[in-house]
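Please construct the entire structure, taking both the sequences and the accompanying hints into account.
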Amino acid sequence: MRRILPYILISLTGFIFLGRLFYLQIVDDSLAVLSQNNAIKVEYDYPQRGYIFDRNGELLVSNQPSYDVMAIPREVEPFDTLELSTLLNITPKRLGEKLDKAKIYSPRLPSVIVPQLTKEEYAYFQEKLRKYEGFYIQKRSSRDYQIDYGANFLGYISEANNAEINGNSYYQAGDLIGRQGVEKQYEDILRGTKGVKYIQKDRFNREIGSYKDGIYDTLPVKGKDITLTIDAELQAYGEKLMENKRGGIVAIEPKTGEILTLVSAPGYDPDLLVGRKRSKNFTRLWYDTIAKPLYDRSLQAMYPPGSPFKTMTALIALQENVISTQERIECHHGFSYGRASRMKCHSHVSPLSMSPAIAHSCNAYFGKVYRRIIEKYDTPQAGMNAWHDHLASFGLGNFLGNDLPVGQPGRIPDAEYYNKWYPENRWQATYTLSNGIGQGEVATTPIQLANMTAAIANRGWYYTPHILKEIDDNPIKDEKYTTKNITTIDAKNFEPIIEGMFGVYEYGTAQFLQIPGVEICGKTGTAENYTKIDGERVQLTDHSIFVAFAPKDDPKIAIAVFVENGYWGSRYGGRIASLMIEKYLKDEISRTDLESWVMSHSLEDEYEKPYSGEPFKINQ
11 MRRILPYILI SLTGFIFLGR LFYLQIVDDS LAVLSQNNAI KVEYDYPQRG
61 YIFDRNGELL VSNQPSYDVM AIPREVEPFD TLELSTLLNI TPKRLGEKLD
111 KAKIYSPRLP SVIVPQLTKE EYAYFQEKLR KYEGFYIQKR SSRDYQIDYG
161 ANFLGYISEA NNAEINGNSY YQAGDLIGRQ GVEKQYEDIL RGTKGVKYIQ
211 KDRFNREIGS YKDGIYDTLP VKGKDITLTI DAELQAYGEK LMENKRGGIV
261 AIEPKTGEIL TLVSAPGYDP DLLVGRKRSK NFTRLWYDTI AKPLYDRSLQ
311 AMYPPGSPFK TMTALIALQE NVISTQERIE CHHGFSYGRA SRMKCHSHVS
361 PLSMSPAIAH SCNAYFGKVY RRIIEKYDTP QAGMNAWHDH LASFGLGNFL
411 GNDLPVGQPG RIPDAEYYNK WYPENRWQAT YTLSNGIGQG EVATTPIQLA
461 NMTAAIANRG WYYTPHILKE IDDNPIKDEK YTTKNITTID AKNFEPIIEG
511 MFGVYEYGTA QFLQIPGVEI CGKTGTAENY TKIDGERVQL TDHSIFVAFA
561 PKDDPKIAIA VFVENGYWGS RYGGRIASLM IEKYLKDEIS RTDLESWVMS
611 HSLEDEYEKP YSGEPFKINQ
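Residue numbers for the sequence shown follow the working numbering, so the first one is 11 and each next one is one higher.
Any given hint could be a false lead.
Stated by the list, open to error - With a Cα cut of at most 27 Å, we get these calculated DSS-like pairs of lysine-lysine:
no., residue 1, residue 2
1, K204, K287
2, K490, K386
3, K619, K542
4, K234, K479
5, K287, K129
6, K194, K51
7, K490, K234
8, K111, K51
9, K129, K290
10, K265, K129
11, K232, K129
12, K194, K287
13, K207, K108
14, K596, K265
15, K111, K211
16, K386, K354
17, K562, K596
18, K494, K566
19, K138, K113
20, K250, K290
21, K287, K265
22, K479, K494
23, K138, K287
24, K250, K232
25, K149, K129
26, K302, K234
27, K211, K222
28, K129, K141
29, K149, K113
30, K194, K232
31, K222, K149
32, K627, K354
33, K207, K141
No lab work stands behind these hints: they were computed from the structure.
Below, the structure is given as structure tokens:
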């Protein structure tokens with residue numbers, strides 16, 4: 011038995027190896043394509059990306075044919091470099107770099123040499139293609155923008171980088187992928203699925219037909235169409251109003267959380283990032299570090315919210331029972347506190363109860379009320395945390411969770427924040443008093459302020475803001491966007507604040523901005539603005555801020571407007587907000603005086619002041 015055991019083991023091992031080889035080569039030939047890539051050419055048939063529509067069915071983004079010049083390095087034979095580079099409109103050096111890069115990627119796999127030829131370029135090159143062995147044309151589609159605005163929320167597409175290719179088996183070198191906006195956020199929905207063809211070649215490298223009669227071939231599947239919540243007409247109007255200005259406009263439908271407009275100024279034409287000039291145009295936009303057109307101010311810019319934040323101070327004060335709606339507080343152009351500290355205020359009637367205090371935007375009133383909120387508790391730390399938690403319930407101080415790929419959390423400080431600043435936690439309410447009027451350490455983004463305004467309009471709840479409305483005509487069902495977020499403030503406490511916001515238009519700081527036939531509730535805001543010049547902190551012209559919703563008792567739109575260096579709230583922010591509301595609700599403009607003023611005024615001179623090298627004045 012011992013003599014034959016080795017023979018048994020050798021025979022058994024041999025049978026196992028033979029069985030495995032039989033399975034791999036005969037039974038499971040799905041790997042044959044990979045093992046025989048010398049004789050098989052793989053071609054991809056790219057699907058059309060899904061179309062993008064606005065909430066009213068207007069087509070925003072479609073597709074147009076484009077053609078990539080591909081090459082398989084090991085199949086490339088000597089050619090006239092100068093002639094080919096001339097045909098492709100690139101330099102011989104650039105052509106050589108592209109081929110070298112393709113060799114490094116893989117000598118056997120195809121690489122993109124020149125992407126996105128136009129139909130005219132393709133027709134001309136196709137006539138000469140036979141002269142260049144190893145080169146071929148791959149048809150795909152590129153984006154065709156039907157509008158010249160909205161680039162910040164639409165995004166764009168470009169070639170996938172190495173990290174994306176290595177991290178997702180779907181993508182190959184030269185594949186296009188969504189960047190920024192909905193193109194990035196909903197890439198998996200929009201891109202579709204590539205079709206694949208396997209082509210058999212003979213020993214002379216000639217194509218002889220489909221591999222195994224095409225049993226492994228697949229057809230492309232078109233990407234799904236999506237409908238956005240954006241109102242294209244309102245978006246276009248908002249971008250027009252923001253010409254020669256910097257800032258953001260966000261409008262939300264309070265009852266649904268649907269984003270109606272998402273304006274970031276300055277913007278750019280999305281068509282700039284399509285085709286062969288994409289890289290050159292992107293570089294130009296990227297290096298504009300002053301205007302920053304690629305920076306989405308509506309989602310990413312964090313500003314002091316200014317006086318619109320007084321509505322939050324009032325709501326928290328009522329919820330914490332530190333003041334009644336009828337109590338009147340005196341203002342003597344501000345009030346003094348601490349050691350020689352004073353919070354200034356503008357001229358208005360005095361004393362004021364809560365609603366008139368909102369209408370007239372009294373700093374003294376809300377500074378004193380904020381102090382009461384913090385000092386209600388045994389320690390300022392406990393008071394600060396209670397204040398913070400109320401604000402957090404409105405989506406402030408954190409990412410809102412909207413369905414867009416960029417954003418900022420803003421800043422709502424808590425006790426821990428100030429404990430790090432002051433040794434042994436020695437601080438009081440008076441140290442943080444500016445928070446009560448939307449200055450100090452508080453910072454918000456335009457979309458956060460718009461959402462805050464929507465929550466006020468709804469009397470204490472909001473839906474998470476979102477930009478996707480339908481996929482292939484099917485409404486979204488994601489619970490994240492269909493579940494109410496309830497604030498910590500009781501519904502009854504919103505009425506005096508809403509009355510105060512209505513008073514802003516009726517007799518307060520925005521009374522000259524009234525729109526006939528529309529009851530608007532709003533709040534003006536002005537925020538101090540600083541920069542550094544030669545290492546020194548220098549004050550610039552204030553930011554203009556405005557929030558509003560309308561109609562008062564059946565809100566259909568809530569809006570926040572930030573205009574950088576726009577001075578007081580009603581000067582730019584208020585005018586723009588009123589016009590946007592009228593445009594949306596009435597589809598016409600009766601206040602042509604406001605429109606003409608906004609359209610004819612530019613803030614470019616204000617933005618140039620810090621770079622002029624000359625002394626300058628602010629708030630003129």
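Tested hints:
With a C-alpha separation of about 25 Å, the suggested pair K204 and K287 falls inside the 27 Å cut-off, and the hint holds. Restraint check: the Cα-Cα separation between K490 and K386 comes to about 35 Å, which exceeds 27 Å; the hinted pair is violated. With a CA separation close to 12 Å, the supplied pair K619 and K542 stays within the 27 Å bound. Of the pairs offered as hints, the one joining K234 and K479 holds, with about 13 Å between alpha carbons and a cut-off of 27 Å not exceeded.
Among the hinted pairs, K287 with K129 is consistent with the structure: their alpha-carbon atoms are about 15 Å apart, no more than 27 Å. Note on K194 and K51: the hinted pairing is violated, with a Cα-Cα distance of about 31 Å set against a maximum of 27 Å. Between the alpha carbons of K490 and K234 the distance comes to roughly 21 Å, so the proposed pair stays at or under 27 Å and holds. Restraint check for K111 and K51: the C-alpha separation of about 20 Å stays at or below 27 Å, so the hint holds.
Pair hint K129 plus K290 holds up; C-alpha atoms about 21 Å apart against a cutoff of 27 Å. As the CA atoms of K265 and K129 are separated by approximately 46 Å, the hinted pair breaks the 27 Å bound. Our distance criterion of 27 Å between C-alpha atoms is met by K232 and K129, whose separation comes to about 21 Å. With a C-alpha separation of about 20 Å, the suggested pair K194 and K287 falls inside the 27 Å cut-off, and the hint holds.
A distance of roughly 25 Å separates the Cα atoms of K207 and K108; the hinted pair therefore holds under the 27 Å criterion. A C-alpha spacing of about 19 Å is found between K596 and K265, which places the hinted pair at or below 27 Å, so the restraint holds. A distance of roughly 25 Å separates the Cα atoms of K111 and K211; the hinted pair therefore holds under the 27 Å criterion. Between K386 and K354, the direct Cα distance comes to roughly 24 Å. Compliance with the 27 Å bound is thereby established for this hinted pair.
This hinted pair checks out: K562 and K596 have alpha carbons roughly 15 Å apart, not beyond 27 Å. With a C-alpha separation of about 17 Å, the suggested pairing of K494 with K566 holds against the 27 Å cut-off. The suggested pairing of K138 with K113 holds, with an alpha-carbon distance near 23 Å, which does not exceed 27 Å. A hinted pair counts as satisfied when its Cα atoms are at most 27 Å apart, and K250 with K290 qualifies at roughly 26 Å.
Annotation: proposed proximity of K287 to K265 is violated, straight-line Cα distance about 42 Å (limit 27 Å). For the given pair, K479 sits about 17 Å from K494 by alpha-carbon distance, which is consistent with the 27 Å threshold. Taking the CA atoms of K138 and K287, the gap is about 23 Å. The hint holds against a cut of 27 Å. As the CA atoms of K250 and K232 are separated by approximately 34 Å, the hinted pair breaks the 27 Å bound.
With a CA separation close to 10 Å, the supplied pair K149 and K129 stays within the 27 Å bound. Our distance criterion of 27 Å between C-alpha atoms is broken by K302 and K234, whose separation comes to about 32 Å. A C-alpha spacing of about 12 Å is found between K211 and K222, which places the hinted pair at or below 27 Å, so the restraint holds. A threshold of 27 Å between alpha carbons decides the hint, and for K129 with K141 the separation of about 20 Å falls inside it, so the pair holds.
The straight-line distance between the Cα atoms of K149 and K113 is roughly 22 Å, inside the 27 Å bound, and the hint therefore holds. Simply put, K194 and K232 have alpha-carbon atoms about 17 Å apart, close enough for the 27 Å limit, and the pair holds. Between K222 and K149 the CA atoms are separated by roughly 24 Å; this keeps the pair inside 27 Å, and the hint holds. Under the criterion of a C-alpha separation no larger than 27 Å, the hint pairing K627 with K354 is consistent with the structure, at around 21 Å.
Between K207 and K141, the direct Cα distance comes to roughly 24 Å. Compliance with the 27 Å bound is thereby established for this hinted pair.
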